[in-house]
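2 protein chains.
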Amino acid sequence: MTCIAMLGYGTVGSGVAELILKNKNRLRKNIKDELILSNVLVRNLEKHKESDNINILTKDIEDIFRGNVDIVVEAMGGVNPAYEYVKRALQLKKHVVTANKDLIAEHGGELLDIANKNGVVLRFEASVGGGIPILKSLSECLVGNNIKGIKAILNGTTNFILSKMSKENMSYEEALKLAQDMGFAEANPESDVMGYDAARKLSILSTMAFEEKVNWKNIKINGITDIDTVDFQYAQGEGFEIKLLAIGEYQDNSIYASVSPVMVRKNSTLGRIENEYNAILIDGDAVGDVVFTGKGAGMFPTASAVFSDIVDIIQNKKEKGILFDYNEASVDTLWRKENKWLLRVNTRNRVDAMAGLSELFPYCKIITKGMYGLEDEVAAFVKSENEAVLDRNIETLREKIDCNNIKKMMMLED
Amino acid sequence: MTCIAMLGYGTVGSGVAELILKNKNRLRKNIKDELILSNVLVRNLEKHKESDNINILTKDIEDIFRGNVDIVVEAMGGVNPAYEYVKRALQLKKHVVTANKDLIAEHGGELLDIANKNGVVLRFEASVGGGIPILKSLSECLVGNNIKGIKAILNGTTNFILSKMSKENMSYEEALKLAQDMGFAEANPESDVMGYDAARKLSILSTMAFEEKVNWKNIKINGITDIDTVDFQYAQGEGFEIKLLAIGEYQDNSIYASVSPVMVRKNSTLGRIENEYNAILIDGDAVGDVVFTGKGAGMFPTASAVFSDIVDIIQNKKEKGILFDYNEASVDTLWRKENKWLLRVNTRNRVDAMAGLSELFPYCKIITKGMYGLEDEVAAFVKSENEAVLDRNIETLREKIDCNNIKKMMMLED
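Quick note, the sequences are listed as chains F and U, same order. Throughout, my numbering is defined as the position within the first sequence, counted from one, plus 2. Throughout, my numbering is defined as the position within the second sequence, counted from one, plus 2.
In isolation and in its complexed conformation, chain F is listed as follows (with noise of 0.2 Å):
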């Protein structure tokens, strides 16, 4: 008999209540054991009065510590006091399975850390792709793979508002709100819009991708708040799309690592993942690149993770976990190889905008006025030999002309 605590009880707790129940017999057939969930941490036991569960909950974190708990589920999100709660947890000796990236990201290395000194294991399938097995794969199924790189979309809210913009070309304002009615988004959706969200299960899964630690506060991070419906325009006329896109990628002996609305080819493997749906590539010098794909929030899929991490620590109880104390990665933020960018440079004086592209650039395609219709924009495909020149490039063309903006965005064309 497995003794589980669960510390919250909101969408993701009570799918894993659920799950946990409904699997009682098979289970039971196939790994010969029985899960009993014997204590769930609420913060307001008025709210769940009517909750089958109503025996189970307490609003004492010290029942929780208090009882004879084998495994401890986390299911509070947010950074305090999960992690106090969590860190007491594995110092107790209690294997501990979480969803929550902002934690992992956040403190990961030191929880691991603690979990292995105390015989213990930390797992947080969850915490990057949702139901996507993802971790498990990279830590486990291609163990015998150096990764080469990452290229993912992480984040099913910003990925749904950019599907909404392209396919029905609503306003970046109207996608947004579209997917807070529908629960998609949340009332403040900052941590999704600006990309942090995607930046921490990017850390997360670089660092054990590249067995490195990525610390997410090292990762380029530019959201989607920046995107317009002529971004849309550009992008289609050359048949892309727009993705919110996390990269990891080895560069000489750094990692590169964003977080940046890329252009991407409308049928590429990522260009065609739509709305909530999370993709990740993987990049294998063995396995060649293999993709993975659901949905990446949401009671169940989030739920099937944890469950998946409690029967593996049931089955392997006496192992090491997963090891994450690695040496800080050096975090590039600049893309090293030659590539494809779009400009967009907002200016009055669009012939010393045009002349000033073409000199700097030798290969630019610049997209005439007629086309979109900005008065006040040149934009141009450049390609520039790394991103550094790039830079360099754009900060010379700021100078020789008038201009307000320069507004850039990379364009991945395999």
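Hints listed in this document are in silico derivations from the structure and should not be mistaken for laboratory results. If a hint is listed, it holds; no wrong ones were tucked in.
Pair by pair, the computed Cβ-Cβ distance ranges are:
#	chain 1	residue 1	chain 2	residue 2	range
1	U	176	F	175	48 to 58 Å
2	F	365	U	338	53 to 63 Å
3	U	23	F	32	33 to 43 Å
4	F	387	U	26	29 to 39 Å
5	F	276	U	338	24 to 34 Å
With a cut-off of at most 25 Å between alpha-carbon atoms, the simulated PhoX-like pairs for lysine-lysine come out as follows:
#	chain 1	residue 1	chain 2	residue 2
6	F	24	U	150
7	F	268	F	409
8	U	215	F	31
9	U	339	U	215
10	F	215	U	24
11	U	34	F	95
12	F	342	F	222
13	F	150	U	31
14	U	215	F	26
15	F	410	F	339
Cβ coordinates follow ideal geometry from the N, Cα and C atoms, glycine included.
Chain F is fixed; fit chain U onto it per the hints.
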């Protein structure tokens, strides 16, 4: 230290040997173990006289069993003598890793049983989907799900042929020839093009997913040898592609299992899988649709999966492996849901055929002769409440009109 013996030193075997060498340091660091390749069984020593591993090659299977071997990697392919060797290895309490779908589809249940009785593990991740981590994902990561259905492209050779027929307008014969020239198809391509290879993989996948033994001999199997360029014209006219699809799906109390050419939307997840790539879509009741894509064969993708099985065994030596001793499933070869189908009626009596079709099928979209110019054919997209009714209607039509052949193909709209 873990001693590994290998049976076979062809493409897969040499890939595994290379990965073992390449990952030496990493394994020592991460799992504190050393892998030693101690023996390799080959048929012809002469052929490998230039090999770096010449000193550990042997023609005598007894050398393999005599040694102090922990894990036997079976990389010879085919059912015999692999079956006998694997059985003996398990009885001698050696763990076994194999990439051999024929062996597992034929004898998987018995061999897993022997493994369990002897306290060792039999693993076969590479037998389905090459380097794509699908079996572990199914059995461990999706353990909280009831699997409702599987739709998959499991054979890279046929997918390559169909891609070339569709995109480059090649005939079946031309595309097959190209596949053979490029090394994607064997000189004798029967097992691929007749659908047997995909059916064996579907049998393994379905048996694990549905926890009932889906015997591959009970699967409805149609290969791609009858597909012609006109099929592609009909499909493309509706925005569809043709894929050799392996489908396993719960229908009432039985499992529908088939491998056959199916029309899927050009822009759907499976419609976009091209050339030698494989894709597996799993529909779980908690997680929803999850899709896994990657190279389904080849030296290093396959070796990547074999290697992960080896590491898994080292890390969990004392664990029981997969259970496979399920009851024989009731396998259904008729699709029980309402669906659209393409019917191609080969007849000189076109007017009667059109009249018959429109009388028998309330939904009937007849493709007029002018479109693709076949003088002796009437084609139609029809809807039928299930496949049994469809087949009855086809019989009625056959009796009613003078026709040679009626060809049907399923059209999946979602």
